[in-house]
Amino acid sequence: MERRAVYRNKVLPWLLIGPQLILVLVFFYWPTSQALYWAFTLEQPWGGGNAWAGFDNFLYIFRDNRYWATVLRSAFYALAATGLSMLVALTLASFVDRALKGTKLFQSVFIWPYAIAAPAAGVAFRFIFSPEAGLIGGINTIWPGIWDPATNAAHALAMVIICHAWLGIGYNFVFFLAALQMIPKSLSEAGAMDGARPFQRMMDLQLPLIAPTAFFLLIMNIISSFTDSFGLIDTMTEGGPIGQTEVMVYKIYIDGFKGLDYSGAAAQSIILMLLVISLTFVQFKWVERRVHYN
Amino acid sequence: MIERSPFFDALTYFAMLVGLVIVVLPFWIVIVAASQSLQEVSRVPISLLPSDQLWINLQEAWARADLGPKMVNSFIVAIGVTVGKITLAAMSAFAIVFFNFKARMICFWLIFITLMLPLEVRIVPTYSIAANALLPFQVILDTFGITWLVQQLSGIQIALNWNLLNSHAGLILPLVATATGTFLYRQFFMTIPDELAEASKMDGASAMEFFWDVLIPLSRTNMLALATIMFVGSWNSYLWPLLITTDRANFGTVVMQLKALIPNMNGTPDWNVTMAGALIIMLPPLLVVAFMQRWFVRGLISRDK
Amino acid sequence: MSQISIRAVKKVYQKNEVIHGVDAEIEAGEFVVILGPSGCGKSTLLRMIAGLEEISGGEIAIGDRVVNKLEPRERGCAMVFQNYALYPHMTVRQNIGYSLKVAKMPKAAREERVMKVAKSVSLEPYLDRRPGELSGGQRQRVAMARAMVREPKVFLFDEPFSNLDAKLRVAMRAEVRNLHRSLGVTSVFVTHDQTEAMTLADRLIIMNSGVVEQIGKPSEVYHHPASRFVADFIGSPAMNLINGWFGEDGNFRHGKGGMIHLPAIAGHVTSRDVALGVRPESVRRVAAGTKGALPAVVDYIEELGAARLIYADTEGSRIVAVDNGTDALGTGMPVHFALAEADLHLFDNTTGRRIETRPGQHAANDQFATA
Amino acid sequence: MSQISIRAVKKVYQKNEVIHGVDAEIEAGEFVVILGPSGCGKSTLLRMIAGLEEISGGEIAIGDRVVNKLEPRERGCAMVFQNYALYPHMTVRQNIGYSLKVAKMPKAAREERVMKVAKSVSLEPYLDRRPGELSGGQRQRVAMARAMVREPKVFLFDEPFSNLDAKLRVAMRAEVRNLHRSLGVTSVFVTHDQTEAMTLADRLIIMNSGVVEQIGKPSEVYHHPASRFVADFIGSPAMNLINGWFGEDGNFRHGKGGMIHLPAIAGHVTSRDVALGVRPESVRRVAAGTKGALPAVVDYIEELGAARLIYADTEGSRIVAVDNGTDALGTGMPVHFALAEADLHLFDNTTGRRIETRPGQHAANDQFATA
Amino acid sequence: ATKFEFWYGLSGDLGERVQDVCKAFNASQADYEIVCVSQENYENNLQNTIAAFRANKQPTITQISDGGVVDLMLSGAFLPVRELMEQNGYEIQWDNYFSGIASYFANSKGEMLAMPFNSSTAMIYYNTDALKAVGFEGLPTTWEQVEDVARKMKEAGYDCPVGMDPAGTWQWWEQFMVIHNQPVATLGNGYGGLNAEVTFNQGKFVDQLTFYKRMFDEGLFVNKSKATGQTANEAFTAGDCQVTSTSIADHGSFAKQAAEGVHWEVAMLPIWEGTERQNSVVGGAALWTLKGKSEEEYKGAAAFYNFIATPEQALWWSTNTGYIPVTNSGFDSMKSSGFYDAAPYKGRELAIESLTYTPPGENSRGIRLGNFGAVRLEVAKAMQSVIFDGVDPQTALDEAAARSNEILRKFEQTYKGQQLP
Ligand SMILES: Nc1ncnc2c1ncn2[C@@H]1O[C@H](COP(=O)(O)OP(=O)(O)OP(=O)(O)O)[C@@H](O)[C@H]1O
Ligand SMILES: Nc1ncnc2c1ncn2[C@@H]1O[C@H](COP(=O)(O)OP(=O)(O)OP(=O)(O)O)[C@@H](O)[C@H]1O
Ligand SMILES: O=P(O)(O)OC[C@H](O)CO
Ligand SMILES: [Mg+2]
Ligand SMILES: [Mg+2]
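Protein chains in written order, with the numbering used here: chain S, 1 to 294; chain X, 1 to 305; chain C, 1 to 371; chain Y, 1 to 371; chain P, 1 to 421.
Quick caveat, the hints were computed from the structure, so don't treat them as lab data.
Virtual Cβ for every residue (Gly too), placed ideally from N, Cα, C.
Just to be clear, a hint being listed does not mean it is correct.
Simulated DEER-style distance windows between Cβ atoms [what the hints assert, rightly or not]: (1) Glu59/C with Leu48/X: 48 to 56 Å; (2) Leu105/S with Met190/X: 28 to 36 Å; (3) Gly29/Y with Met190/X: 37 to 45 Å; (4) Val12/Y with Met190/X: 19 to 27 Å.
Only part of the chain X face toward chain Y is listed, based on derived beta-carbon distances under 7 Å [as the list claims (entries may be wrong)]: (5) Leu196; (6) Lys201; (7) Asp203; (8) Glu209; (9) Pro217.
If you want a taste of the chain P side facing chain S, the calculated C-beta under 8 Å gives, among others [unchecked claim]: (10) Asn41; (11) Glu43; (12) Ala77; (13) Leu79; (14) Glu83; (15) Gly229; (16) Lys381; (17) Gln384.
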């Protein structure tokens, strides 16, 4: 924040920022400290009291191979959904960037998935991927049982990931397109003068230049893989089959609110928060480097 | 673009058409299924042509998921979050960008750390305050002995209690508390040249006059963008309403009802009704995004810079 | 045979014709500057030569090949862009070497060539920096090195100095001049800065609203402007252009009854709606009462340090004179001027073209005429 | 009593002193221009007068009130900003009237005043447009109208023309001058463009790195620069400054054995490390063999149209001359120069200050000395 | 009138019947108004009740199933129903209640903690046409017979002889354990204290799970669940599956929902030949009165309990759902009135027979484990991983047992120093 702050006033800024600060304190810092406390105790579900547990909750989580499986699954989920979504979005964006006639129309439609609630998409894709109905289910009439997300974890996970990737197309597309359009046209022209063909320019010039955006999107997508995935999984698989589509947030929900283990869930929550903070931190570092270019 | 070969143009259109199919197909299937009768929708594979049962299915879905009151709730929440967020965000960003006060950077960071952590990620912590949002203040009063003091002096026991369960405030406030809007406004305010504020100073305007007369009118685009983002985000929120609402009949939102629409209650897999319900529920944010596209895209992007 | 032939070239943007048929021949090794006001089509013309813009009509040949249908990479031109258009993510070395890399030149040869070029523009110490870590002038030099490295047949420059500050601009001017002198590559340079144009060009192409107004050597253009537009555009302070009417009596009538006697021209011109042009430095203050002196009233004075400009009104027409006097002069005071006859120009106000008053009227000299 | 008194004013930014104690008196009705290179503290000084920047030391008085602690609106100053700082969402009318609205002037009175001011800067046809729909010059005029509408005691301008193109800049200069002439309001105008400064100023304040180098009338500053910095900064092309050594024999030695005989100065100066200054227009070409002529070798020529600049080397020192000749001159050719004695300046290279060689050395004249 | 809330965990047809009860109560008197809110299922209801209790927004009455009994017992959040009724001057014949119910919902002194409401047990339902088609007379009573008819049905072209959702632990695991006299946990299925450990990974259930797996592999059992788009119940009433196992509570719904031409009958759960059948354990739920409400609301709650305990109401309830009459006298009077003799109620008495087959023993009086819902989930996962993913049954059950024990230990730690009442 290099700008000069124009106004000096002792009271006014506090009146302006006060409401937000209060909300942040009430809904963020206080609860987080509370959860931190829960994470180090065993909280009675009915709120009658708790017993100090030290690091037991964390140790329990860390010793639990099912937790690590969830972490790995979350990572896979995040990377797969992100990669798929970003790839499609980037491809679309780079073609739209050519700005041929009529692209505006495509452009506006490509944003639509952004508007869709994850659970709504979940319900729709559940129908599309339903083994006994809809679109993909048709394949089962030819080879019975070949597609079965109800019992096959790989199918179920694929279904959720595809849906998640679809949901992210709009957002990723908008950012990629903006990033591509922010590259001065003359750079492409310089590349053309230097003899590079379109694909080569894409690889040598455009891609490196939108790398910061891509990285930003990577982080945002990973964070959204924690948020949007809940609605998807809850409407599509409820974590099944056999909990094999549970990701970190879903597990927190299941363990804490279904399994009545608030303390374990709180500990998982703290871990997740730290994870997200460190991801964002990496992103900030990158953004700093990006400033370098211009 | 330099190369203008017809082949390359054709490839471009082809790729965009494929993209269109990828993006639109799910919408199409929802609409198609929602317009079909039970027999039609149960056919495998499904016919990709719409039929004539749309209105009937919409009515059925509307009734089955009791969407009337849920719609009202969803609108209350979405509009509440949108208005609340815009108001708070504009105010606090104004303070952070244009005022020179000691705790400025601290406030900045206090607010902006929350940006990294969407509600879903800190669901357990947030839930811990559902019972009594005023608990932190009670604790402050208790620790500083104010409760005791007041009780001694007036005999009144201060017991602050604000329960968020099954309340619109509970649905709205935690969503308002994050920094997305503040960040967006800050980014925008940073692009306002200092000279504009200085010019208004030279013109004799006070800080608040500058805020009302210059900043707010200027940030109309950002307001629309933020409004869109917030509307969509809060309309689509799912996990939090699920936790904070035990009285679904009165405080449930439409998105929460999606699960209730999934066929399983009544035996027959009437996906047509389910899809009709999904259609109703996804329509408002879709319309908002489609109509606000121009502004909201700009706002969305300026969030990252 | 010329290096670049531009023949009846037109450019249409969405039904909007912005270049209306330009013809020009550029000789091998020549340094040609395209000069004109903003929006006149300079860049468009240059970009059509480069192949970055389709040619809507006419044809452009480079060497003996018509290049209308060729991709930029096939035309053998190199271009220096206004904003440098350096690849921000590549080092200076990579920027310079990119075209060689694309052309699949082996790494060692590439390195060597890059080094050689970098040396010639004194960039060696910066080879491993990114453009973001360079000053404006250094970036400019990278852009030039990048153009040079391909050893092109033609250099194209599109306002390469417009982002530099005044001092640096002068310095870079010298560098470009030296470069051209040492490489001798045909160059086309676009600018709207007349000083830049004058000091750099072997020949100038002066454009206005999509047409060529004049092609010629800088001094030719200065002393013998082919149109009212050129006369007004070239020179600072601008040439005085007094609208009036030329009678058969050899008198030029203007403003509210002003009359200037111009016997030298009288015979050559028939009565028409014309503009009389005379450069401020050819307007000299003379003592009141000097024969045929133009009487005028001072409007205001602009102090330039070395001299001052007198803005005055002569019978309803504005006239500007460069004056070296140091006497106190103020608004409303009367002055008298004489016009240097050798530097008088006439322009047809209908066509905008110059009216030739005598053959071979080229170099200005110091003789002053009286009206 | 002067209108603005600046007394020992300092400015410290985060321990970093950028203005080191400036003193200046600005008379009522005067048009003062603060001129200096980028970053020298011009804007900072102006902003301290306006009240936009705290005064770290010393005091500023406007009229008879010390204003150090007053808010901008209480100081009676109006300011025109570099980028206009117009309210983009308001119409021209609203922009101009905003300060009156804030001051709660009734609507009718406000309208009337806005109309009057708009008329005085010919903005009436644009009153209902937004700034975005105006040209640069029109915006500039809105910014001025906005400043005028409050009828301030002082006008402050911070490089108001730097975003305009050259032609417009000249035109706006005239408008500002007219405005000042008709309103007679004390004005402080910041610029780093010397032509702008020279042509506008009643008096110039020349700043460099946070200190005042010279205060004086434009011609005074041009002809009698108080420091080497001023000599170098004012004038284009810049004054020739030849570093050398002044002997008691009245000879100035420089470069690789160069020697210039300057009897007129000899008596006044003791031997020191000095710079000899002479303006390019005071360097005249003389025939080879002219007595005492400086021999030089042409480096390059810059054609300016009306004249040309000869960049030459005289025994290791660079010398630039304005030349009106039209003979072919090229790199490496020998030339000879004479220096106009009346326009010779000496500067102490240690302190940077002028060395006064004779009393009352003010106006330049046309006599040329020989070395 | 005093309003008070009642949250329940039933939905669909059964949920509507609860609403009928509420309406009837409200119509029966003018002092109180009960507001009945469905929370979809027992798990949700428990979870939401806890949330509401923490936020001090709890209903006066909540319906908690067998699985949640210990959670409630230690919560300190409820008023024992016996006290409540006494305080409000209602005389209830507590010893008239089914011993199975009492042993599940009463404390160790036999004092009823929650008001019995909807009690059930798990049964098996057969499509009689399919049985006929494969030439089976009567209804199978042993697993051998079930396997046999299933195989024959398959051969006869039925795609789905037995529909089974492997997540249905209550009927496929819990009740199996009980009727085969297998201990779910030590200390008498946890009655002896919070330090009990599960033992279901030893004994007959390992074989049973192996059996299920084999049946699935042979296509005799078919996975039917929400995730597949059709639950086992739906598949049965639609005639798609010929056998299913579920609560007797569904008997009423089946009668209404069975597709035309689908004929079916209900039977006690099969046992393996050579085993002695033990009584099955009571299922369903009871009504708990939560703390923190006003006297008036408690009065209303007591009045409601009294209302549902009236013979007319009990009769109505058992008639319109498949839930059993919860009192001995109620059962006797229905039986003697010939209620069970003819369709559509015929067969429901078998539930009582199953529940009372033997006197409740160590392993069949109920299961008293903390956070039992989570334990059920572990078992469900074990069953699914065996059936879907081919994990070895012993391995799967060992893992489930280990995790269950961790859950129990955590529960024990959470309520350190507390005793089962
Ligand atoms: N892509 C385009 N589409 C439509 N019109 C264009 C396009 N590019 C340029 N023009 C128009 O063509 C005309 C010439 O533009 P050009 O860029 O060649 O001017 P220029 O002489 O280079 O001006 P400048 O000095 O401002 O760079 C202008 O009127 C411009 O508005
Ligand atoms: N807010 C600030 N914080 C720290 N240093 C500053 C600040 N504003 C200006 N400076 C420094 O003070 C010095 C003077 O700045 P100022 O803006 O007055 O220069 P200037 O003469 O107006 O230059 P220019 O012609 O570029 O506008 C510069 O070195 C600048 O870096
Ligand atoms: O379906 P219900 O009501 O008989 O209950 C089944 C089980 O008891 C649930 O734990
Ligand atoms: Mg251009
Ligand atoms: Mg400045």
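These are the hints, each one checked on the structure:
Between glutamate 59/C and leucine 48/X the beta carbons are some 52 Å apart, a value that agrees with the proposed interval 48 to 56 Å. In this structure, leucine 105/S and methionine 190/X meet the distance hint of 28 to 36 Å, their C-beta atoms being roughly 34 Å apart. For glycine 29/Y and methionine 190/X, the hinted distance range of 37 to 45 Å is satisfied, since their beta carbons lie about 40 Å from each other. Look at valine 12/Y against methionine 190/X: about 25 Å separates their beta carbons, and that is inside 19 to 27 Å.
Proximity of leucine 196/X to chain Y holds as hinted, the smallest CB-CB distance being about 5 Å (cut-off 7 Å). Of the supplied interface hints, the one on lysine 201/X holds, with its beta-carbon coming within about 5 Å of a beta-carbon of chain Y, less than 7 Å. The restraint placing aspartate 203/X at the interface with chain Y holds, with a minimum CB-CB distance near 4 Å, inside the 7 Å limit. The restraint placing glutamate 209/X at the interface with chain Y holds, with a minimum CB-CB distance near 6 Å, inside the 7 Å limit.
Taking 7 Å as the C-beta contact cut-off toward chain Y, the hint placing proline 217/X at the interface holds, the least distance being around 4 Å. Taking 8 Å as the C-beta cut-off, the interface hint given for asparagine 41/P is violated, the closest approach to chain S being about 11 Å. Because the closest C-beta pair between glutamate 43/P and chain S is about 7 Å apart, less than 8 Å, the hint holds. A hinted interface residue such as alanine 77/P counts as satisfied when its beta carbon comes closer than 8 Å to some beta carbon of chain S; here the least separation is about 5 Å, so the hint holds.
Checking leucine 79/P against chain S: minimum C-beta separation of about 14 Å lies over 8 Å; hint violated. The closest approach between the C-beta of glutamate 83/P and any C-beta of chain S is roughly 19 Å, which is over the 8 Å cut-off, so the hint fails. Residue-level restraint check for glycine 229/P holds (minimum Cβ-Cβ distance to chain S is 5 Å; threshold 8 Å). Given the 8 Å rule on beta carbons, the hint for lysine 381/P holds: about 5 Å separates it from the nearest Cβ of chain S.
A cut of 8 Å between beta carbons decides the hint on glutamine 384/P: the least distance to chain S is about 4 Å, and the hint holds.
The structure does not agree with the numbered hints 10, 13, 14 stated previously, though it agrees with the rest.
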